[in-house]
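Respectively, the protein sequence lines represent chains B, E and A.
If you're matching positions, the first sequence starts at 0 in numbering that gives the first Met the number 0 and goes up one per residue.
If you're matching positions, the second sequence starts at 0 in numbering that gives the first Met the number 0 and goes up one per residue.
If you're matching positions, the third sequence starts at 0 in numbering that gives the first Met the number 0 and goes up one per residue.
A hint or two may mislead.
Facing chain B, according to a computed beta carbon distance under 7 Å, are these residues of chain A, among others [what the hints assert, rightly or not]: (1) V140; (2) T265; (3) I280.
In short, the hints are calculated from the structure, not lab data.
Since this is a predicted model, take the numbers as computed values, not measurements.
Just so you know, even glycine gets a beta-carbon here, dropped at the ideal spot from N, CA and C.
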Amino acid sequence: MKAFWREYAENRVALLALAVVLLIVGAALSAPIFAPQDPYDLASLDLMDARRPPGFVGSGGYTHLLGTDAQGRDLFSAILYGLRISLQMGLAAGTVSLAVGALLGILAAQAGGWVETAIMRVVDLQLSFPAILLALVLVAVLGQGKTQLVIALVAAQYAYFARTAYGAASAERRKDYVEAAAATPLSTLHIVFRHILPNVLPPLIVVATVQVANAISLEATLSFLGLGLPPTEPSLGMLIANGFQYMMSGRTWISVYPGIALIVLVVAINLVGDQLRDQTNPRLRR
Amino acid sequence: MTLLDVTDLRTHFFTRAGVARAVDGVSFSLAPGEILGLVGESGSGKSVTGFSLIGLVDPPGRIAGGSIRFDGQELVGMAPDRLRALRGRRIAMVFQDPQATLNPVLTIGTQMALALQAHGRVTDRAAADRATAMLTRVGIPEAATRLNNYPHEFSGGMRQRVAIAMALLNGPDLIVADEPTTALDVSIQAQILAEMKALARDSGTALIWISHDLATVSSLADRVLVMYAGRIVESGPVGAVLRAPLHPYTRGLLDSLPAMAQPGQRLAQIPGSAPSLLALPQGCPFAPRCAHADAACTAPPPRVERADRHALCHHPLAP
Amino acid sequence: MLGYVIQRLLQAALVMLAMSALVFAGVHAIGNPIDVLISPDATQDIREQAIRRLGLDLPLWQQYLAFLGRLLRGDFGTSFVYGMPVLQLILSRLPATLELALAAVLIGTLAGVPLGVYAGYRPDSVASRAIMAVSVLGFSVPTFWVGLILILTFAVNLGWLPAGDRGPLLEVFGIGWSFLSLEGLSFLVLPALNLSLFKLAMMIRLSRAGTREIMLTDTVKFARAAGLTDATILRRHVLRLISIPIVTVFGLELGSTLAFAVVTETIFNWPGVGKLIIDSITSLDRPVMVAYLVLVAFLFVTINLVVDLSYALLDPRLRRGAAA
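If we strip away everything but chain B, and leave its shape as in the complex, we get (with noise of 0.2 Å):
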């Protein structure tokens, strides 16, 4: 472990990129100390403060850092808040999906057969179909709303950690110790969980933190697309998207400070994964 850290801390970018998450991480959980204004409520916003620039003194007597958007709320306090909404959705998506992807996976390993068939089949096919068309119409059909979004974003991404942990788990099952357990009066159970399982949490971890990162960047899309939560609770794209109209007057920081922020989180968490990925690759060691 201690060397594993090191490891990583050799390289610069990523340990700036995984300090950059804890900072995001820390700063929307603390979300309701700092922010100036809660945005979602829809009483301290004044109309009169819609659409500032950055740097202007509100009705409320605290300056917008980060200027307001269309409904008068402060940016910068709109923005803490929806990094809060968005990390739940990837954390969630990114959980749950490895949980479905996992029990998929070695279900499929260990069961063998016309299952194995069956499950794999299904996978492959949806990892070669876009996920964000499957995102899209299920968010179609389910509706709009956080429990709907997270099942949609689910089924876009559980094929990525049914593959990994089928991959990682038939290549343990081959092994000769795992072979000489099941050869012995345990349960099947305690093979996965004590021989199959350890094994197979590495590189899904590794798929979890790209994933929580595409999860986030895919509701995101669909929060602009408008299919994603509702406005009660602006998510970061759908600041994006009610800023969208602005931009072409020349307002543009409505949409950009929300994007900046997206895409700080996005590309550090992906940094953090192709670090983690590149140290856990046998193939690139020597």
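Let chain B serve as the given structure and place chains E and A on it in line with the hints.
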């Protein structure tokens, strides 16, 4: 007159774990048309020596010192592009496994044309003619139609013939052959060996034949170099070295040849294995495996000269 | 070879059958199929007529067969919003999307492969690091955000290029195209760039990985030993060897690009199929959604098939061995 003069060549690999001296002070020379055998176990530095000659040592390895004079020109430190122009035209190389060296998705004709066109303007038509002639010379029937075949459409022996034809294509002065028959069946090995020898003689091409197999080399070469742990531990005319080796290591290699053993007797093996280049013993690197080793062997072995031969040993076998 | 083609065709047909069953199940599982197939504004009379016409009173398996039959005939019903046959509607929007997707994949490949090959050839150079940074950004920055920035920079601030709509169309074979006139082309540039960024990133990664691997093989060493210049080795040997995975991805990506075009078309107001599907989702134009799904599935199966078959053409080792 010499074609190639290698002096104190040192090729080192700068790895994380330390510096591996794969070739450590190798000197030898080669006359035009001469066939030289370079023998040693894997890891002895024989292949790295071969690649050093054509300037194709893979990183983290590089030539750390010494000199390679080829036809009067110094190759160590030569500008990459001049060295490139020399490769294939004046010094060619044949590799161990033609399955791995020929490009599986290009036809033989294309690959031979590329080798010709690397050294001057040759029309596709002319390239095809020259390739056909060379394939015929190395014993490939219906060469003209075979040009359109892909490597996988040839048998192992035929593939190696193609590789040899490619090496001969530009009429080089020197061919470095790195275990070119190891991957082949024994019967085809003998065939290719004989043909190679004849081709070299006919065209006056000098040949450095790198092999772990002393028997192959003995049937082919004029002179032999025996390498161990990056150094040439013995050199001399093939006949003399085989009859009465100076170095105990050469003796060990000879004794482990099946042809040398008495029927019913067990094959002699050299005890132990080749040392790690990162942790060579003090003094003579062969000492830990040598039956003749004593306290003197912890000092660097002296150079023993006998007429046209030499060895690096404290206790040479022949007087 | 023929046996291989037939085998692949059968597989494709099987997948299509499974997909159609899935869509059918989806339509039936999610509420009443009548709601999916007939506009909610229709009168009771029309509804009953339609139920009989569509056979919705028949047993499920018969309904499925009828559904299949309609699919085979290309009968996807009528759009609630546009009041025209769905197939005709989608086909009329298809050229715009095809043009956009093809332009994007072409840009991604033509720029990405050379950049990736270079990054794989000199992995430690500054230029290669810059190339890899571009590819990381291309992978992680959401398409819609890149689109916004492109519009902001080139259309709003610099005013160099138009953003929105297709511009003037030139007709060839009765279909209008943007890329045939210079002005039309200027409308295509920004959306195509936007859509290509992800492909670019992918092509860079793919060709970099392939080149790195191939540069270490004996094939390259042998070519070097023959005196070939590195430029020739990259152009003739490496490019040819990495072309197999690249053509695969090119094909597969063409499909996913058509899907991703949804986002780009919305931002740039590009009147293609992607914009149509977003509009039909927001306006609950269900026949369009169903048809789009089936057609996209069909497209994917076809592309997979074509890619599999072109493998055989590119790799001489497969050409003879047939199905392996």
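**Message:** Could you work out which of the previously given hints the structure breaks and list their numbers from low to high?
**Reply:** Failing hints: none at all.
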